[in-house]
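Chemist: Sequence:
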Amino acid sequence: MTHPVCRAPHPALRAAAQPVDAFADDLRRLARDLIETMHAHDGIGLAAPQVGRSAQVFVANPSRRRGGELVVVNPVLRGARGRTSVVEGCLSLPDVWGRVRRAAAVRLEGRDVDGQPLVVEAEGLLAIMLQHEFDHLQGRLFIDRLPWLTRLRAQARLRAAACA
Numbered sequence: 013m014t015h016p017v018c019r020a021p022h023p024a025l026r027a028a029a030q031p032v033d034a035f036a037d038d039l040r041r042l043a044r045d046l047i048e049t050m051h052a053h054d055g056i057g058l059a060a061p062q063v064g065r066s067a068q069v070f071v072a073n074p075s076r077r078r079g080g081e082l083v084v085v086n087p088v089l090r091g092a093r094g095r096t097s098v099v100e101g102c103l104s105l106p107d108v109w110g111r112v113r114r115a116a117a118v119r120l121e122g123r124d125v126d127g128q129p130l131v132v133e134a135e136g137l138l139a140i141m142l143q144h145e146f147d148h149l150q151g152r153l154f155i156d157r158l159p160w161l162t163r164l165r166a167q168a169r170l171r172a173a174a175c176a
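All the letters of the sequence shown, read from the start, carry residue numbers 13 to 176 under my numbering.
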């Protein structure tokens with residue numbers, strides 16, 4: 013089922029998501045819904061708080077090919093190396109873009125939807141996506157990582173869009 017995507021300043025986007033403790037049908041349904049919603053909105057990643065759910069779950073699919081989705085539950089970033097800078101956007105912040113500095117490579121550990129251990133070592137676009145979606149689960153948005161003046165301009169665009 014496709015869900016509407018919460019847009020800033022929705023409070024769900026600023027709250028830390030709750031860990032998942034039940035690996036059952038409800039979690040699998042949430043993962044399917046996140047995948048469907050991500051594709052419906054032409055995204056490459058989506059976290060549960062972006063659809064108003066306080067659960068440490070996100071999906072990522074840098075290839076955009078159906079069936080190539082990565083689903084991560086209760087992720088923990090265990091390692092990062094290098095630095096990179098890339099222009100990011102977000103389904104929850106439409107028409108807002110900004111250059112963000114992130115680790116160039118990461119090691120992320122978590123669980124799959126069945127509760128099995130999952131380890132992802134990534135670099136490039138996938139590493140950036142994992143960090144972006146992980147931030148969502150902590151109540152952070154990519155604009156929080158922008159230089160202060162750029163962040164102020166992005167926040168002004170969001171306020172103007174909310175009033176339109």
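Don't read these hints as lab results, they were simulated from the structure. Heads up, the beta-carbon is just placed ideally off N, CA and C, and yes, glycines get one too. Worth double-checking, as some hints may not be accurate.
Derived Cβ-Cβ restraints for the label pairs, each shown as a range [claimed, not checked]: (1) Ala36 <-> Trp109: 35 to 43 Å; (2) Pro31 <-> Trp160: 29 to 37 Å; (3) Arg41 <-> Ala172: 32 to 40 Å.
Chemist: Are the hints correct? Go through all of them and say.
Modeler: Checked hints:
1. Ala36 <-> Trp109: 35 to 43 Å: holds (38 Å)
2. Pro31 <-> Trp160: 29 to 37 Å: Once the Cβ atoms are compared, 32 Å apart, the range 29 to 37 Å for Trp160 and Pro31 holds.
3. Arg41 <-> Ala172: 32 to 40 Å: holds (36 Å)
Hint compliance for this structure: no hint is broken.
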